[in-house]
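Chain P is fixed; fit chain G onto it per the hints.
Top line first, the protein sequences correspond to chains P and G. Under this note's numbering, the first residue of the first sequence carries the number 998, and numbering increases by one thereafter. Under this note's numbering, the first residue of the second sequence carries the number -6, and numbering increases by one thereafter.
Hints in this document: simulated from the structure, not taken from any laboratory. Each residue gets a CB set at the ideal place from its N, CA and C atoms; glycine is no exception. Each hint can be trusted.
Which stretches of chain G does chain P cover? Using the computed rule of at least three CB atoms under 8 Å from a CB of chain P, they are:
| hint | stretch |
| --- | --- |
| 1 | 19 to 29 |
| 2 | 33 to 47 |
In silico contact screen, one side only, chain P against chain G (beta carbon under 10 Å); selected entries:
| hint | residue |
| --- | --- |
| 3 | K1084 |
| 4 | M1085 |
| 5 | R1089 |
| 6 | Y1100 |
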Amino acid sequence: MIIRRDVFQAIADPTRRAILVLVATQSMTAGAIAANFDTARPTVSKHLQILTECELLEQEQTGREVFYHFNPKKMKEVADFIEPFRKMWDDRFDKLENIMKKYNPNSNRGKK
Amino acid sequence: MERKTKVNAGDGQQDIVITREFNLPLELLFKAHAEAELIEQWMSHEYGTTKFVKLESRKHGSWQMETTDAQGKVAFRANGVIHEFVPNQKITRTFEMEHSPFGVQLELYVFEKLSDDTSKLTMHVIYESVAQRDQVLKLPFSQGLNMAHNRLQDIVSKLK
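If we strip away everything but chain P, and leave its shape as in the complex, we get (with noise of 0.2 Å):
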C-alpha cells in the first residue's frame, strides 16, 4: 500500500528542501543527485521517493534514464497553504482599521 505523505511534512526535511533547490535548476537523474550529498544512495532514493509521492518531483524516462523536474505548481500551492489563515486576518485587521477611523468619542482631540 502506498501511504500518500503530507507534503508538509516533505518539505520539512532539510536534505529533502536542498534536493529540490538542485532540482529545482535543472533536471537530474537519482545519481546526479545522490553525488551532491554525503547520505548513502538509497537514503537519498527514499527522499525522491517522497519528494515524487508529494508530486514535488516529477519523474521522466528519458531512453534508459530517469530524470528528476521539479514541478513549481505544487510549491506554490505549499506557498499558499498559509495564505487562507492570513486572508482571514487580513480581512480581520482590514475591518478593525475602518472602524476604528471611524470611531471618534471625544470630537475635542481635534483628529480629522
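Relative to chain P, chain G alone:
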C-alpha cells in the same frame, strides 16, 4: 499585491507570528482589542456574528465569546484568561476553542507606536504542539471561508 498582514510560521515549530501595521494611532489600535463591542464588530463577518459572553480586560481577568451563524445557532465558543493587560503596550491571554481538539494557545499581543497616526501589532501565538498549530492553520480551509482555495482544500484533505 500588497501584503499588510504577514504570517510567519516556521517549519516544525509550534508557534506563529502575525504582524500588521495599521493607519491608526496606537490608542485606537489598543482600544479595538480591549473593548468588547469593538472586538465584536471587527471579528464578526457575513458567516457569523461574534459576541462576548464576558470580557474582563484586566490582569487576571477572563473572557468567553461565541459566534453564531446566520441561523442564530452557536457555531463556535471560545474562552481564556488574561494573564497580562498593559494599556497601549501588551495583552497576554490564553485562547481555547471549546469542544475542539485544538488545545490551549498562548497569545501575546504587543502594540507599538510607529508615528502619531500609525501603529503596529505583533501577535505571537504558541500552541501545545506542532501538530495542533498546523491543524489551526488549516482551519480556514475546512471552514470554507475562502472559496478560491477549495481546490487546495481537496488536495490537503486527500493528503491527510
